[in-house]
Each structure stands twice: as structure tokens, then as C-alpha cells.
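Novice: Protein sequences, first through last, are from chains A and B.
Quick note, this note's numbering runs 23 ahead of the 1-based positions in the first sequence.
Quick note, this note's numbering runs 7 ahead of the 1-based positions in the second sequence.
These are computed hints drawn from the structure, not numbers from a lab.
Take the hints with a grain of salt, since some may be wrong.
To be verified - In silico BS3-like pairs for lysine-lysine, Cα to Cα no more than 30 angstroms straight-line:
| id | chain 1 | residue 1 | chain 2 | residue 2 |
| --- | --- | --- | --- | --- |
| 1 | B | 75 | A | 96 |
| 2 | A | 124 | A | 136 |
| 3 | A | 124 | B | 85 |
| 4 | A | 124 | B | 31 |
For reference, the chains in residue letters:
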Amino acid sequence: AQTVTQSQPEMSVQEAETVTLSCTYDTSESDYYLFWYKQPPSRQMILVIRQEAYKQQNATENRFSVNFQKAAKSFSLKISDSQLGDAAMYFCACLNTNAGKSTFGDGTTLTVKP
Amino acid sequence: DAGVIQSPRHEVTEMGQEVTLRCKPISGHNSLFWYRQTMMRGLELLIYFNNNVPIDDSGMPEDRFSAKMPNASFSTLKIQPSEPRDSAVYFCASSHDLQGQYNEQFFGPGTRLTVL
């Protein structure tokens, strides 16, 4: 069974500052992907970034980057130069690429202060 | 592409009534997922299909819930009879998978269901 744990129910950051959201996971699978999704008040789930477990290089997407520590089963999201539009709930997810099932964490609500 | 389309966006019904939620996946995607999101239980996978075939329905809470995918461009999730505890946001998601290798899922806007 897969588990995904987000230990920070809420986080806040000052506009233009950097914030890191934590995620740990557990899986017995060798083939898996990790994702961060953003859910703003509109409740649309938006894919922010993805990381293939077989890749050592950390994924980056503009202001978003991850710190993937495979041995520690850690997958944190760093948001640089935070913007008001980054305010949302962020979900970490682990996808078993062979079985197709994704497991989601409970989410972290990010507040961005002007 | 229009993305994943769900209808209705909001549904208010009375206990005991039948509810049908609809989903049109992204064209070309061959896997479809139904999720339920509540404050108490978070995001739960209910069922998913691959090439229109149900693969895993272990998340379907009760026999009152059923899902179908008659073709590659349409799926329904039905609740009959509905109960107040079914109130939640229901998401549909789709993905394009190759040779048994699943990829990231793209979500629809969700249907907010309220059962009175």
C-alpha cells in the first residue's frame, strides 16, 4: 500500500519570499511518479510539477522546484518569489505507474501575505 | 483541447433521489478516474477505467454507487439512492497511458453535490 504524508496543514509566506512545502511518501513499487497539484479556491486541480522516480535530477518549472530525496522518500516543493496567485491548497501525490493508482496527501493550505 | 469536462457543476438533490454525474475525458486519453473530495476524508479514488474497462472499483463506498464508461469519450457515476453523507465534490480525471505505463492525471472542474 502507498501512503503520502503532508505534515504541514497550513503554511504562510510573504509575497516575493520563498516557501517550502513538505511531503513524505512510502511505496513498495520501483516504478512511480511523484506530483504536486495546486487547488485554488475555484477547486480546479492543477498539475504543478512532476518527478519520475528513476530520475536523479530534481524537476523544475519556472518558480517551482522540488527536492527529491529518494532514499529518504521525501519530495518537497519550493516556491520561489511567491505571488498572491500562489495561494491555494497544495497536494502531493504518488502514482504507481504500473497499476495506475494515485495516492494523495491531505494537502497544505498556503497563504501568501502581501 | 477543452480539458476534462464534467457536468453538472453543481447538483442539489433530496435524500433518496438518483444522481448522475457525467464526465468527458480529454480526447485521446485512455484512462479515466473518479474521485471524491470531502473535508473529513480528503481526496479518495472511487474507481478507474483503462480503455473503457473498469480496473479497480475497490474505492466505491457502497452498492449505491455505480460507474460506467460506455465509450472512450464518456463516463457516468451514479448514486442511487443518494444520502446526505454523499455530499462532496466529485472529480473526474483522465490520463494518456502507453503500454501499461500510467502518466499524470488531468482533472476536471468537479461537481459539487449536496444531498439534503
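Novice: Now, for every hint given, state plainly whether the structure supports it.
Specialist: Verification of the hints:
Between the alpha carbons of residue 75 of chain B and residue 96 of chain A the distance comes to roughly 36 angstroms, so the proposed pair goes past 30 angstroms and is violated. Note on residue 124 of chain A and residue 136 of chain A: the hinted pairing is violated, with a Cα-Cα distance of about 36 angstroms set against a maximum of 30 angstroms. With a CA separation close to 21 angstroms, the supplied pair residue 124 of chain A and residue 85 of chain B stays within the 30 angstroms bound. At roughly 20 angstroms between alpha-carbon atoms, residue 124 of chain A and residue 31 of chain B fall within 30 angstroms of each other, so this suggested pair holds.
Checked against the numbered hints listed earlier, the structure breaks hints 1, 2; every other hint is satisfied.
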